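A.B. asks: Sequence:
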Amino acid sequence: MKRGALGCVLVLALTMGCATRGYGPSPQERRAAMRDWERQGLGYRSPEGFQEARWGMTFDEVHALFPEARLLNGSALRWTTTIAKLPAIVTLGFLEDRFAAVDVFFPEVGHLRDTHLLLRQLLSRKYGTPGRDRDTVYEAQRRVGSYRSAADTAYLLGQMASALGGVPQDRYGQQRMDIRAENDEAEARRQASAARKRFMLKSRWATVESQVILTSVSAPAVTAVTIEYESERYAPEIARARKQAAELEHRQMAKDL
Numbered sequence: 255m256k257r258g259a260l261g262c263v264l265v266l267a268l269t270m271g272c273a274t275r276g277y278g279p280s281p282q283e284r285r286a287a288m289r290d291w292e293r294q295g296l297g298y299r300s301p302e303g304f305q306e307a308r309w310g311m312t313f314d315e316v317h318a319l320f321p322e323a324r325l326l327n328g329s330a331l332r333w334t335t336t337i338a339k340l341p342a343i344v345t346l347g348f349l350e351d352r353f354a355a356v357d358v359f360f361p362e363v364g365h366l367r368d369t370h371l372l373l374r375q376l377l378s379r380k381y382g383t384p385g386r387d388r389d390t391v392y393e394a395q396r397r398v399g400s401y402r403s404a405a406d407t408a409y410l411l412g413q414m415a416s417a418l419g420g421v422p423q424d425r426y427g428q429q430r431m432d433i434r435a436e437n438d439e440a441e442a443r444r445q446a447s448a449a450r451k452r453f454m455l456k457s458r459w460a461t462v463e464s465q466v467i468l469t470s471v472s473a474p475a476v477t478a479v480t481i482e483y484e485s486e487r488y489a490p491e492i493a494r495a496r497k498q499a500a501e502l503e504h505r506q507m508a509k510d511l
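Numbered according to my numbering, the sequence shown terminates at residue 511, and the numbering increases by one at each position without gaps.
It is worth saying that the hints were derived from the structure and are not from the lab.
From a predicted model like this one, the values you see are computed outputs, not experimental measurements.
Beta carbons are placed, not taken as given, at the ideal position from N, Cα and C, and that holds for glycine.
Watch out, some of these pointers could steer you wrong.
Each pair of labels, with its calculated beta carbon distance range [said to hold, decoys possible]:
#	residue 1	residue 2	range
1	Thr312	Arg289	20 to 30 Å
2	Glu362	Gly295	37 to 47 Å
3	Leu376	Lys509	29 to 39 Å
4	Ile337	Gly382	37 to 47 Å
Given only the sequences and the hints, what does the whole structure look like? Please build it.
C.D. replies: Here's what the structure looks like:
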C-alpha cells in the first residue's frame, strides 16, 4: 500500500500554518545536519521523534511500537490515549513510508491557559526554553496605549521645536492627531475586549532534528489545544505535501462554483 502523502491534517491550519525558521539551530548546525542526513540515506533514524518512535522509522516499525493505533487514510496511524494526564488523540504521519510528523489533539481541557502553561513547562524540560511565544490577548492590550503614546510624543517634540526654534507649535495639527489617536485607541480597546473571548496562545521550539509547536485556541464555539511535531529532515517534503493537499482542496472547492 502506498503511503506517499502526509497522513494527518493538522489543527494548526485553522490558525497560523507553518512555523517560520528564524530561530533555533544556527545555519552551520543545519548544514552539518543536512550533510549527515544525506550520508545516512534510507538508514536515517533520528535521535528525536515522538515517545519511542524516531523520525525516519518505517510505517511497520512505528506500528509495532503502537499496536493499538488504527490505520488512517492509508498513510497515518491514529489512536486515543492519555498524555500528561489529559485525554488525547494522536495522529502519526508518514511520507513515503517514513515517520515524519505528529499531531496531538487534546479534546477536553479545563482552563485553557493553565493547560497551555503546563504543557509548555513539560515540553521545555525536553526542548529547552521556547524560541518564540505568542499571546494575542497581550498583543491586543499593548496596542491600546501605543496610539496615545505616539500622539503624546509628537506633542512633546513640537514643544521642544517651538522652544528651540521660536516657531509657534502647530496646535491644529496636534488637535487632529489627538482626535485620530482617540479613535484608534477606541478601536484598539474594542479589539482588546474581543480578544478576551477569542484568543490564541502559541509556543515554538526548534532543534536540529525537530520543529515543535504548541497552540491553544479559544473561541465562542471551540476550545482546542494541539502539539505539532515535525521532522526537520523531512521539512521540504512536508511543505510540498501541504501545498499539494491545499491545491487538491481548492480544486474540489472550485467544482462547487
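A.B. asks: Look at each hint and say if it fits the structure.
C.D. replies: Right, here's what the structure says about each hint:
Taking 20 to 30 Å as the suggested C-beta distance range, the pair threonine 312 and arginine 289 conforms, at roughly 23 Å. Range check, glutamate 362 to glycine 295: Cβ separation about 42 Å, and the 37 to 47 Å hint holds. Our hint of 29 to 39 Å for leucine 376 and lysine 509 is violated, since their Cβ atoms are close to 44 Å apart. Checked against the given bound of 37 to 47 Å, the beta carbons of isoleucine 337 and glycine 382, roughly 20 Å apart, lie outside it.
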